[in-house]
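With the hints as constraints, model all of the structure from the sequences given.
Going line by line, the protein sequences match chains A and B.
Each residue of the first sequence is one higher than the one before, counting from 44 in this note's numbering.
Each residue of the second sequence is one higher than the one before, counting from 44 in this note's numbering.
Just so you know, the hints here were simulated from the structure itself, not pulled from any lab data.
Incorrect hints may appear among the rest.
When chains are identical, the list treats them as one kind, so a pair holds in a single copy or across two.
Below are the BS3-like pairs computed for lysine-lysine, each with C-alpha atoms no more than 30 Å apart in a straight line [to be verified]:
| # | residue 1 | residue 2 |
| --- | --- | --- |
| 1 | Lys-161 | Lys-297 |
| 2 | Lys-135 | Lys-260 |
| 3 | Lys-97 | Lys-135 |
This one's a predicted model, so the numbers in the text were calculated from it and none came from an experiment.
2 protein chains.
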Amino acid sequence: MTELQIATANDLGQRLHAMGIAARMASQVLSAATAEVKDHALHEAAASIRASTKAILSANRGDLEAAGQAGATAAFLDRVRLDETRLEGVAKALEDVAAQPDPVGEIMSEWTRPNGLKIQRVRVPIGVVGIIYEARPNVTADAGAICLKSGNAAILRGGSESFGSSLALADCLRTGLRAAGLPQAAIQLVPTRDREAVGLMLAMTEFIDVIVPRGGKSLIERVMREARIPVIAHLEGLCHSYVHAAADPQMARKVVLNAKMRRPGVCGATETLLVDRAAALTHLPLILHDLFRSGCEVRGDEDVQRFDPRVVPATDADWSTEYLDAILSVKLVDGIDQAIAHINRYGSHHTDAIVTGDAAAAERFFDEVDSAIVLHNASTQFADGGEFGFGAEIGISTGRLPPRGPVGAEQLTSYKYVVRGVSQIRP
Amino acid sequence: MTELQIATANDLGQRLHAMGIAARMASQVLSAATAEVKDHALHEAAASIRASTKAILSANRGDLEAAGQAGATAAFLDRVRLDETRLEGVAKALEDVAAQPDPVGEIMSEWTRPNGLKIQRVRVPIGVVGIIYEARPNVTADAGAICLKSGNAAILRGGSESFGSSLALADCLRTGLRAAGLPQAAIQLVPTRDREAVGLMLAMTEFIDVIVPRGGKSLIERVMREARIPVIAHLEGLCHSYVHAAADPQMARKVVLNAKMRRPGVCGATETLLVDRAAALTHLPLILHDLFRSGCEVRGDEDVQRFDPRVVPATDADWSTEYLDAILSVKLVDGIDQAIAHINRYGSHHTDAIVTGDAAAAERFFDEVDSAIVLHNASTQFADGGEFGFGAEIGISTGRLPPRGPVGAEQLTSYKYVVRGVSQIRP
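What follows is the structure in structure tokens.
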């Protein structure tokens with residue numbers, strides 16, 4: 044099918060099928076594209092976003108008006124909203140991705156067999172990545188850029204409420220691809236608000252190699268339930284900070300306050316604080332003082348309630364709740380065993396931290412807490428691809444299989460084995 | 044639930060649920076087990092197999108009789124059959140797995156951030172692996188051993204026709220676990236012939252982290268279609284050997300004959316031979332001569348038929364058929380572009396080889412053939428975890444996401460990020 048045929052196909056299934064074929068073909072070109080060509084496309088796309096500021100913001104105003112009329116909340120409208128500063132951030136992010144090293148072609152390991160066969164494991168793109176996301180239109184540019192950098196074709200399905208903004212941003216990405224001589228189908232936006240598109244994408248086993256959902260828990264759960272394709276999912280960030288008996292009190296208060304309150308709504312924000320009973324008298328009052336002063340609601344078990352009348356009683360549900368807000372559940376524990384058991388039971392295997400001066404305790408925590416990221420004497424808010432040095436990220440995978448943790452361009456790759464012989468045959 | 048409760052639960056769903064809980068708990072012990080302890084269990088299991096030869100072979104005779112009465116084919120009965128030699132091979136395989144390096148705990152990479160955070164990516168087990176397989180009872184031991192080596196708990200669902208043999212082998216594995224002080228639930232065999240168990244396992248999202256099906260295409264397809272859990276699947280090995288114009292004729296005939304006829308039924312056997320038109324006159328007669336002499340059926344396009352009256356006409360279906368037999372489809376191509384296009388279109392992205400004296404052609408083949416394993420001047424039959432140096436393998440993954448290619452103990456692992464700070468907070 045030509046691009047014209049894709050655009051005019053009247054059946055949504057047909058259109059997506061045609062996009063799938065085009066993506067697969069584009070992915071073959073992309074997998075062979077040099078770093079220079081891909082980075083050139085990203086720079087040109089950034090320039091195009093800057094040059095198209097008026098058009099993008101105008102499309103965004105259209106989205107905001109429609110969403111407002113449909114009764115969207117202020118928080119939702121804020122996620123849809125673009126302005127000049129945010130748009131410059133979007134353009135800058137593309138340049139940041141371009142500045143990262145190209146993961147494709149890296150020789151991950153190599154060895155020679157006794158029979159003389161030389162084997163290399165070489166990093167290659169996955170193929171075609173499907174991204175399904177919600178209100179934030181910047182994901183269109185971020186996700187498209189990360190896929191391009193990693194040599195993958197992208198099929199993007201943005202939220203219908205920011206459809207106009209996403210279309211305008213996708214135009215800029217295409218301008219970049221054109222300038223670099225790359226196929227337009229390297230980054231395709233599903234050209235409809237029709238919600239049926241999500242279900243259809245989840246069944247495109249032939250054309251999409253992996254699905255990355257980004258958004259609220261209900262979207263992620265739906266994708267995990269329905270997808271017939273592997274999913275890289277960030278389900279939940281129910282992160283813990285654990286103040287061990289041997290923690291320095293001043294370090295504990297500083298790290299815990301940042302872990303919760305720097306930005307309470309990010310996935311790496313601490314949702315539950317565990318404090319060793321032996322450290323409660325010395326450490327907890329300082330921590331509670333800081334939290335209340337910064338406007339945090341604290342929900343505690345009975346032991347914690349004794350420390351401050353402002354502590355609200357915690358229910359069982361609190362230990363399983365990702366607040367994404369200025370709320371913290373706090374519990375006293377009888378030492379590291381109980382802390383680790385609590386985290387492995389109630390946590391989401393995302394990010395958990397211990398504060399302690401006892402190196403052996405930290406090592407036990409590292410070994411036994413079954414989470415993608417475990418930290419010692421640092422804020423859980425470092426759970427972020429950028430903070431890890433990955434450049435941009437497309438999310439933090441809470442699955443157990445790789446890629447686990449922050450997913451940047453390198454994590455959207457696979458590998459192949461290249462074997463060089465001199466006429467070896469197998470006995 | 045206790046082991047007794049598991050054994051006596053009368054509802055299959057309840058029993059599997061209890062097995063899942065036990066496996067998850069065992070996986071926590073396993074992930075912390077040292078290499079010495081795991082290897083000790085493997086050696087003791089091998090010893091137990093040798094000591095239990097009579098009992099295992101007796102159970103196997105029971106399986107064979109029942110399968111024979113049910114009308115199983117000779118080929119099927121051969122897959123079920125164990126004898127002293129095969130059983131010694133099963134025991135030896137456990138010792139081979141024990142002799143491999145322990146993948147768990149390896150620091151895969153480490154770096155320090157500008158803020159001083161020290162980040163390590165550390166290899167960890169996945170958790171609980173579900174293996175669903177068919178007639179060959181040796182998989183019970185092989186799969187159990189690879190999972191144990193990689194620190195994963197295993198839930199094994201063997202074919203009902205070799206159920207008695209698998210039970211006897213699982214007993215030996217448990218003897219090994221007990222001797223090493225590891226939980227019995229580290230390797231569990233689903234204790235029923237009931238076929239419903241497969242469907243139930245595929246939905247155990249809470250307790251099984253990845254499913255590995257081993258068997259015929261219909262089993263693999265069913266698992267891929269129904270599983271609500273990530274799958275590591277070996278779907279098909281439609282492998283190609285491509286004789287390039289610059290191939291040495293003697294090397295080509297030697298490599299091609301081995302690639303097809305060493306063992307025509309293995310997944311790495313070549314199913315289609317592509318020969319450059321420019322090399323047909325010089326190379327093809329030698330190759331065909333060897334193939335016919337070794338009893339191979341050759342199906343060729345019209346060009347190939349001209350070379351020998353014994354060549355059977357190939358139909359379109361032949362290019363998409365994994366024969367797993369002494370049959371080879373042969374096609375002339377107009378050079379490397381056409382060869383690569385054919386392989387990417389008809390192949391199964393498993394293993395493909397080029398024979399050529401032209402290094403640049405080999406590099407193009409490596410870059411553009413989208414398969415897990417690409418070889419230059421070597422037989423496709425090297426597609427095997429053992430031949431790669433991985434020790435035993437649990438299969439060859441034809442998916443695009445990692446693990447791709449041969450799956451040994453290392454490929455059944457994941458990783459976590461360990462972050463060491465000195466009270467860093469995120470600005």
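Checked hints:
no.	hint	result
1	Lys-161 to Lys-297	between (52 Å within a copy, 19 Å between copies)
2	Lys-135 to Lys-260	within (29 Å within a copy, 48 Å between copies)
3	Lys-97 to Lys-135	within (17 Å within a copy, 71 Å between copies)
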